[in-house]
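What follows is each chain in one-letter form.
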Amino acid sequence: MAITQPIVAPASGRRRSAWPVARDQRRTGILFVAVPMLLFLIFAVLPMVFACYLSFTDFKFTSAPVWTGLRNFELLLRDRIFRIALRNTAIYTAGVVPTGMALSLLVALLMNQKIRGIVVYRTAYYLPVITSTVASAVVWMWMFASDVGILNALLEAVGLPPQRWLMNSRLALPSVMFMSVWRGLGYSVIIYLAALQGIPEHLYEAAEIDGAGAWHRFWGITLPLLKATTFFIFVTSVIDSFQVFGSVYVMTQGGPGYATTTIVHQIYLNAFKYLRMGYGAAMAWLLFVIILGVTALQFALARRWVYYEGEA
Amino acid sequence: MIRRAVVYALLAVLAGAMLLPFAWLLRSSLCDEATVIRPLESLRDVLPPALHFENFVNVFRSIPFLLYLRNTVLITVCSIVGTLVSSSLCAYAFAFCRLPYRNVLFHAVLATVMLPGVVTMIPTFILFRELGWVDTFKPLIVPSFFGSAFAIFLFRQFFLGLPREVIEAARMDGATALQTYRRIVLPMSRPVCVTVALFAFVGNWNDFMGPLIYLNSKERWTLQLGLNSFCGEIVDQTNLLMACAVLILIPVVLAFFALQRYFIRGANMSGLKG
Chain A
545 MAITQPIVAP ASGRRRSAWP VARDQRRTGI LFVAVPMLLF LIFAVLPMVF
595 ACYLSFTDFK FTSAPVWTGL RNFELLLRDR IFRIALRNTA IYTAGVVPTG
645 MALSLLVALL MNQKIRGIVV YRTAYYLPVI TSTVASAVVW MWMFASDVGI
695 LNALLEAVGL PPQRWLMNSR LALPSVMFMS VWRGLGYSVI IYLAALQGIP
745 EHLYEAAEID GAGAWHRFWG ITLPLLKATT FFIFVTSVID SFQVFGSVYV
795 MTQGGPGYAT TTIVHQIYLN AFKYLRMGYG AAMAWLLFVI ILGVTALQFA
845 LARRWVYYEG EA
Chain B
2 MIRRAVVYAL LAVLAGAMLL PFAWLLRSSL CDEATVIRPL ESLRDVLPPA
52 LHFENFVNVF RSIPFLLYLR NTVLITVCSI VGTLVSSSLC AYAFAFCRLP
102 YRNVLFHAVL ATVMLPGVVT MIPTFILFRE LGWVDTFKPL IVPSFFGSAF
152 AIFLFRQFFL GLPREVIEAA RMDGATALQT YRRIVLPMSR PVCVTVALFA
202 FVGNWNDFMG PLIYLNSKER WTLQLGLNSF CGEIVDQTNL LMACAVLILI
252 PVVLAFFALQ RYFIRGANMS GLKG
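First to last, the protein sequences are chains A and B.
Those letters in the first sequence? Residues 545 to 856, per this note's numbering, in order.
Those letters in the second sequence? Residues 2 to 275, per this note's numbering, in order.
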């Protein structure tokens, strides 16, 4: 096993091309990457293509897919329940994402005040993140319970009328959203906190010398320097929110009526309960197009308000 | 002074609200059948008259908890191993080997994080069904051997921070890539291995949709599926349901307390991708 190229010490830390590279290295490198890449193709790209094909077919496992053209999409347009699912998912996203982001920024700002016992607070906010969907749904169902739940006991303690939460078709979706904010908060808090700790202290000192108050320092320094982080959290939470399923499935099964059914819940029911694979695939592709469109829009708008460090 | 008091008060109230569900869960899991469904008349009722630790034992009698536990552990352990091996190898190539289109490929891998998993769910299910893998653990284990984008990213970032001289020295001594990876790089990479393993552990332990779609027979169910069906079956034993939820939470919570800084580091790294 010989090194076939002349050995040149790397001139700077950045230039990797000056590395001594044996032929073996390149071959193994390709092998290391090729295997995951091939499987990545099989599990990410090919299914996408196949899903697209399926969405134009009728497929129930009993026989080969039957090409039906745009029929699935026509049905989808007329599907009243799917329209409700679309609306519920939109409401869910529009509610959970901004609320979660604002709350997590608030908590991160509070935790960034050089406070004692940060580990305790961090634990309190992060525990829901590692709690499984089923376990959190089970606990929250029990908290929401009309007669014996603690939430109604708390409401009554402050003199408010008790609610039927998950049983009330107008309150069910907000209740699920409430739980989702609780569950997702800690993750954004951790990311915001790290970003806050990365803001150089001297900026604040300079601003203070110039007479800027706390409010001005927040709007002038903190918020602008958090733009990249905010953008990241925004994009990933929107993608996650559009795919909400587990909490709805366990807590309400989409009900009462269709009050909490979501797009993925409908995909699950159609594809895996009614075995209408083609129809489910059409829904999934529509969801993909929606998510892609929203993400692309976010990136396009981001040029106006996000800049990364190092860019002028 | 007042400002600090406000900060502490706000933080404490919010943290209390975050922990309230856990307190309620714990309280309900320790009640007897009658107390757990008794409405709270006053604040004193929050503390149950007696603590029933035997609820945790009774869970094992009400549902095949040990069987579900065995299934979950099997899936989780295999998935952790798969993720560690495949992702670290792939990341090694991305970090140290000369490859055509290395950066393009790496960004393609990262971009898959943005793909909604739902779109590939149906075709993947059909594929596994054709392979006869439905109602086996394979669909839940095998994909982890193909690497996960997040784990590859974590490994690559860590590898790039390793001292280059050591790796170069190994190469000059004639070590092959595989030898360098196994003898030099991996032994130095314990922190990132722990982080990746932790995230794989929590992800698989808590996974609901995967088992829900692929595992039909009850004897192959995972804990999460068991808890979900327990929730539908048992109406008059809420205390046992809550005790079951507590038992399922314990391993994850213990892992979090023992390895908190690895969790935080991983969560922060995921923020760096943006």
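Since the hints were derived computationally from the structure, they do not count as laboratory data.
Please note: incorrect hints may appear among the correct ones.
What the hints assert, rightly or not - Computed list of lysine-lysine pairs in DSS-like fashion (alpha-carbon distance at most 25 Å, straight line): (1) A:K771 <-> A:K658; (2) B:K139 <-> A:K658; (3) A:K771 <-> B:K219; (4) B:K219 <-> B:K139; (5) A:K604 <-> A:K771; (6) B:K219 <-> A:K658.
Stated by the list, open to error - Covered stretches of chain A, going by a simulated chain B footprint (3 or more residues, C-beta under 8 Å): (7) 592-600; (8) 611-619; (9) 708-721; (10) 824-831.
For clarity, every value in this text was computed on a predicted model and none was experimentally measured.
Cβ coordinates follow ideal geometry from the N, Cα and C atoms, glycine included.
ask   = Against which earlier hints does the structure fall short, listed by number upward?
value = Failing hints, ascending: 2, 3, 5, 6, 8, 9.
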